[in-house]
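Please arrange chain Y on chain H, whose structure you already have, making use of the hints.
Here are the chains, one letter per residue:
There are 2 protein chains.
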Amino acid sequence: MDLYQFNQILLEKCALDLERPLVVGVSGGPDSLCLLDLLDKAGLPVIVAHYDHNLRPESGVEAKSVEREAVRRGLKFVLEQGNVREAAQTEGLSIEEAARQARYRFLFSQARASGAGAVAVAHHADDQVETVLMHLLRGSGLSGLKGMTYRAILPVWDSEIPLIRPLLSMWRTEILSYCKNNRLDPVMDHTNLDTRYFRNRLRHELIPSLESYNPQIREGILRMSRALAEDYELLREVIRQNWDRCLLREGEGYLVLDFELLRGYSGGLRKNMIREAIGRLRPALRDIDYEAVVRAESFILSPPAARRIELVGNLWLGLEGNSLFVAENLDRILEPDWPLMEAGHEIVLPVPGSIELQQGWSLVTALGSIEDVSREKLLESSPNEAWLDVDRLEDPLVLRTRRPGDRFQPLGMGGHSLKLADFWINERLPRRAREKWPLVCSGGRIAWVCGSRLAEPFRVTGTTRRVLHLKLLPSV
Amino acid sequence: MDLYQFNQILLEKCALDLERPLVVGVSGGPDSLCLLDLLDKAGLPVIVAHYDHNLRPESGVEAKSVEREAVRRGLKFVLEQGNVREAAQTEGLSIEEAARQARYRFLFSQARASGAGAVAVAHHADDQVETVLMHLLRGSGLSGLKGMTYRAILPVWDSEIPLIRPLLSMWRTEILSYCKNNRLDPVMDHTNLDTRYFRNRLRHELIPSLESYNPQIREGILRMSRALAEDYELLREVIRQNWDRCLLREGEGYLVLDFELLRGYSGGLRKNMIREAIGRLRPALRDIDYEAVVRAESFILSPPAARRIELVGNLWLGLEGNSLFVAENLDRILEPDWPLMEAGHEIVLPVPGSIELQQGWSLVTALGSIEDVSREKLLESSPNEAWLDVDRLEDPLVLRTRRPGDRFQPLGMGGHSLKLADFWINERLPRRAREKWPLVCSGGRIAWVCGSRLAEPFRVTGTTRRVLHLKLLPSV
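These protein sequence lines map, in sequence, to chains H and Y.
Mapping of the first sequence onto numbering that gives the first Met the number 0: position 288 corresponds to residue 287, and the numbering continues sequentially without gaps.
Mapping of the second sequence onto numbering that gives the first Met the number 0: position 326 corresponds to residue 325, and the numbering continues sequentially without gaps.
Here chain H stands alone, though its shape is the one from the complex (with noise of 0.2 Å):
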C-alpha cells in the first residue's frame, strides 16, 4: 500500500473529513502500528488512544511504549485503563466482549471530547475474511456476509462520528512486511490464542483447512465480500425507499403498513419488507425466520378469517381494513372483525344457500361437478374455502360452535386426530374467539374448521364425483 493508494481510500472509501483530528485505536501490535504510521505520513491530526485492558502483567509496559510512538511523532496521546475481568463479570459478558465494549465507549468518547471526524481501527483484510466466515457459521444474511466496512456509522457508540477501517484491503502479511519496512517495533500480544478461542480456531484451522479446497479462499472470500457490500447497499437504498411509502404509522411496539400497497408489490419486495418490519420491532433478533416470512407473504396474498398469524414469539401479524399490524399485543391494539356465531347454537346448512355470520361475514355454499373445477383449485391454499366429497357427508350438514371433547382430523396429517383445543392452539387462534368460532359438521364429526383447515376424511381424492364447495366471505 502506497501513500497514494492510501490517501485514496481515505477519501473515497471512508469518506474522512481530512481537516478535523482523528482517533486512532493503537493497541501497538503490528495492524494498529502501520495504521497509525500511514495516518502520520499523510499528515493527518492524529490523536493516539491506548486503552490498557489490565488482562496481563505487561500491558502497562506496552501502553508505554505507545506513548514512546506518539511522543515520537509529536501526536497527541489519551490513555484509559479499566478493569475488564471485573466488567466482565459484572455484565455477563466474555472478557473478549467486555474488552471490546470499554475500548470502543474510551474510542468514541475521545474523538467525542476532541471534536474528532472519525474513530480509525486496524482492521484488515485477513480479519474481513474471519469475519465473514463467523457469519457464515452463524448462517447469518447479506448484512453479515458483506462483512466490515471502510466506513460505519454505530449508532451503539456514536450517531454522527463514524468507524473507519483504512486497512481492510491490506493482508497481514503485507502488513508485517510493511512494518519490517519502515522500521516499526510492533509488540507482540500472544495472549490472543486464550482471549479469542474461536476466532483463533478459524484462523489456525478452518481457515488452512478451506485452503486445500482452494488456495485462493481468502482473496475469494474479500472478493465476495465486496461485491455482497454492493448489492446490501443497493437492496437497502430500495427497502428505505418503499418502507417510507408502506408505513401508515407506528407506535410503541407495533407498526401499521398499507395492506393493498404490500399486496400489489413483487415477491421480492414484499418479503423484504416483511423481514424490515420484524427486524424493527425485533432488532435483537440476528436472523429472521425464511417460514415466518412465506407465512406472512401468504397471509397477505390470502387473509384468513382469524385475521391473524404469529410471526414469530409473541409478534404477530394482524389485518384491519387496508391497516396491516405487526405488533406485539395485538389486542390491545386492534378489534378483530371475526367470522363469529352465537355460543351454543346450532343451524342447518342450506346447500346451495348462504348463511349471515357476525362481523359482516357470510358463509356460501355450492353443489358442483369434479370436471367443473382446476386442481390448482382444489390445492389453493386460501383458508376461507374448502371442498368437500359430496358423497362422504351426511344429510344435514351443520353449522355450530363447539362441544367438550370436540376432535377433528386435519388434512395433511394422514388421518391422525387431535382435539380440537390442540389444534386451535397450533392454529394460535385466540382463545376468545374459540367459544364462538362456526364448525361445518356432519354426521357428528367436524368436516371444517370455517375458514381454517378441511378434515381429511372428506377431502377430495382420486374418486370424487360431486364436490361441496364452502366459502366465507367478509364484509364489502
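Hints are not guaranteed to be accurate.
To give an idea of the interface, some chain H residues facing chain Y are shown, with a C-beta separation under 7 Å as derived from the structure [stated by the list, open to error]:
id, residue
1, Tyr-3
2, Leu-141
3, Gly-219
4, Ile-220
5, Met-223
6, Asp-230
7, Glu-236
8, Lys-270
9, Val-372
10, Lys-376
Below, a list of computed lysine-lysine pairs in the DSSO-like style, where the Cα atoms sit at most 27 Å apart [unchecked claim]:
id, chain 1, residue 1, chain 2, residue 2
11, H, Lys-12, H, Lys-40
12, Y, Lys-40, Y, Lys-179
13, H, Lys-470, Y, Lys-12
14, H, Lys-418, H, Lys-470
15, H, Lys-435, H, Lys-418
16, H, Lys-376, Y, Lys-12
17, Y, Lys-470, Y, Lys-435
18, Y, Lys-376, H, Lys-40
19, Y, Lys-75, Y, Lys-63
20, Y, Lys-12, H, Lys-12
21, H, Lys-75, H, Lys-179
22, Y, Lys-376, H, Lys-12
23, Y, Lys-40, H, Lys-376
24, Y, Lys-376, Y, Lys-470
25, Y, Lys-179, Y, Lys-75
26, H, Lys-63, H, Lys-40
27, Y, Lys-418, Y, Lys-435
28, Y, Lys-12, Y, Lys-40
By construction, these hints were calculated from the structure, which means they are not laboratory data.
Note that CB positions come from ideal geometry on N, CA and C, so glycine has one too.
Frame of chain H, contents of chain Y only:
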C-alpha cells in the same frame, strides 16, 4: 414431508402446471424414488425418465429396476443410454460434467416431446448446503450463494420448460426415513465416491468440520440461502427495471448506456448497472472483478481525458457525449475526442493562461497559495487536473509531445522512474493517441502527463507554499 406440504410446494414454490405431464429424472437412488413416490401419490401425470450413463457394469440392472418401478405404478417410462466416458473425452469435460449434460439434454428433450410442464429432479436440502459451500469456496457472489431454487428456467436446456426441485427443503435423513416408511427399495450408487470427488470431500470432511464450530451449520446455511434468494429476487427486479431505462442501444459485442442517468444514480445502483453490463458482454465470467467496477465508477464520476479505460480483459469503457460505451472493440465503434496536439510541437505554457488543444479541449493554468487549496482538492481523484509545487518547477513550463527515451516518475510509486512508453502500456492508452498526447514539462522532465498522472518530484508536500493548478477542460 406430508402430501399436503408437498402439494403446497408444487403449487407455490414450483408454480407447477398440474394439468400437463411432468418428466421426472429417476436414477433409482433414494432421493429420486422418494420424489417419484410423492409425485405419484399426488396423482400427477408423471413420466419416469432414466438415463443410463453406462459408467458401471450394474447400470443396466439399475435401469431395469427403475423401469419395473414405473410399470408397477402404471406410469410411462422412457430410457436413454449413452457413452459418457467417450463424450467426456471428446468434449474435454470431466466424467461428472459430461454425465450431467447428457442427462439434462435427455430430460428436456423428453419434456419437449411429451408437452411436459416441467422437469423434476430430486435435489434436497443437503445438496443445497453443499452447493452453497461450493460457491463459497469459489468466492462467488449472491447469485451463487443463494443456491438452487425450487423453480428455475435454464435457457441452456429450454427457454420455457422449468426445472423444478420439490425436495429442496427435505434433508437426506428425512428422505431415507421416507423410503423406509413407504417400503421403497432404492439402488445405492457407490461410485459417488469416484466421480464426484470434490463434492464428496465437502460432504464427508468439510461439513463435519464446520459442524464442530456450529452443530446446526447445515440448517444455518439452508436458512441463509433462502434469505439470500429473497434478496437476490428483489435485486434482480431493481436491476432489470433500471437496466431498461439505462440501456440506449446494443449490438454485437457492445452496449451503450445513458451516461448522465448513471451519474445521477446512487452508488449501489450504479455499481450494479456496471456489473450487469460487464456480465452481459462476458457471460462466461463467473465473478466480476470488484476493482473493475470501482474503476468504472471513478470513470463515470470523473471521466479522464483519454475518454476510455479497460475494464476487464479486452472489454473497454468509452465515453462520447452522453453515450457510455461498454465494448470489446471500442476503436471500431467510437471515434474518441482526445485532447491531442500536433506531434513534435513544443509550446511555452502561459501561467496563468490557457492553451487550446484539438477536439475543443483546452489546458488552463493558474497560480495560488497553498492556503487557498483544501486538502481534499489536492488529493482529488479527477485525472484531468493537477496541483504542482511552484518552487520545484523550472521556468519556462513547456507543453510538448513525446520524445524517444522519455522517462517519467509517476506519483505514488515512491519516485520509481518508468519509460513513458511503459507507463502508457500500463495505463492502456491506445497506441495511436500516444504520438500526439500533450505532456507538461519542466527543466526537461515530464511534470504532468495531461489528464493522467502527476510526476512525483513536482507534487505538493508539507513544505509547499505556492501551487500551480493545471486543468484540462473538455469542449462545451
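Going down the list of hints, with the structure as the test:
The closest approach between the C-beta of H/Tyr-3 and any C-beta of chain Y is roughly 3 Å, which is under the 7 Å cut-off, so the hint is satisfied. The beta carbon of H/Leu-141 comes within 5 Å of a beta carbon in chain Y, closer than 7 Å, and the hint placing it at the interface holds. With a least beta-carbon distance of about 2 Å to chain Y, the hint placing H/Gly-219 at the interface is held under the 7 Å criterion. At a threshold of 7 Å, the smallest CB-CB gap from H/Ile-220 to chain Y is about 6 Å, leaving the interface hint in force.
Checking H/Met-223 against chain Y by beta carbon gives a least distance of about 5 Å; that is within 7 Å, so the hint holds. Among the interface hints, the one on H/Asp-230 holds; its C-beta lies about 5 Å from the nearest C-beta in chain Y, closer than the 7 Å criterion. Taking 7 Å as the C-beta cut-off, the interface hint given for H/Glu-236 holds, the closest approach to chain Y being about 5 Å. Annotation: interface hint on H/Lys-270 holds; nearest CB of chain Y at approximately 5 Å, less than 7 Å.
Residue-level restraint check for H/Val-372 is violated (minimum Cβ-Cβ distance to chain Y is 12 Å; threshold 7 Å). For the restraint placing H/Lys-376 at the interface with chain Y, the shortest Cβ-Cβ distance is roughly 10 Å, beyond the 7 Å limit, so the hint is violated. With a C-alpha separation of about 19 Å, the suggested pairing of H/Lys-12 with H/Lys-40 holds against the 27 Å cut-off. Among the hinted pairs, Y/Lys-40 with Y/Lys-179 is consistent with the structure: their alpha-carbon atoms are about 16 Å apart, no more than 27 Å.
The straight-line distance between the Cα atoms of H/Lys-470 and Y/Lys-12 is roughly 25 Å, inside the 27 Å bound, and the hint therefore holds. The straight-line distance between the Cα atoms of H/Lys-418 and H/Lys-470 is roughly 24 Å, inside the 27 Å bound, and the hint therefore holds. For the hint pairing H/Lys-435 with H/Lys-418, the CA-to-CA distance comes to about 17 Å; that is within 27 Å, so the pair holds. With a C-alpha separation of about 16 Å, the suggested pairing of H/Lys-376 with Y/Lys-12 holds against the 27 Å cut-off.
For the hint pairing Y/Lys-470 with Y/Lys-435, the CA-to-CA distance comes to about 18 Å; that is within 27 Å, so the pair holds. The suggested pairing of Y/Lys-376 with H/Lys-40 holds, with an alpha-carbon distance near 18 Å, which does not exceed 27 Å. Of the pairs offered as hints, the one joining Y/Lys-75 and Y/Lys-63 holds, with about 14 Å between alpha carbons and a cut-off of 27 Å not exceeded. Proximity of Y/Lys-12 to H/Lys-12 is assessed by CA-CA distance (about 40 Å); at most 27 Å being required, the pair is judged violated.
Annotation: proposed proximity of H/Lys-75 to H/Lys-179 holds, straight-line Cα distance about 24 Å (limit 27 Å). Proposed proximity of Y/Lys-376 and H/Lys-12 is supported: the alpha carbons are some 16 Å apart, at most 27 Å. With a C-alpha separation of about 18 Å, the suggested pairing of Y/Lys-40 with H/Lys-376 holds against the 27 Å cut-off. Between Y/Lys-376 and Y/Lys-470, the direct Cα distance comes to roughly 12 Å. Compliance with the 27 Å bound is thereby established for this hinted pair.
Our distance criterion of 27 Å between C-alpha atoms is met by Y/Lys-179 and Y/Lys-75, whose separation comes to about 24 Å. Restraint check for H/Lys-63 and H/Lys-40: satisfied, since their Cα atoms lie roughly 22 Å apart, inside the 27 Å limit. Taking the CA atoms of Y/Lys-418 and Y/Lys-435, the gap is near 17 Å; set against the 27 Å cutoff, the hint holds. Between Y/Lys-12 and Y/Lys-40, the direct Cα distance comes to roughly 19 Å. Compliance with the 27 Å bound is thereby established for this hinted pair.
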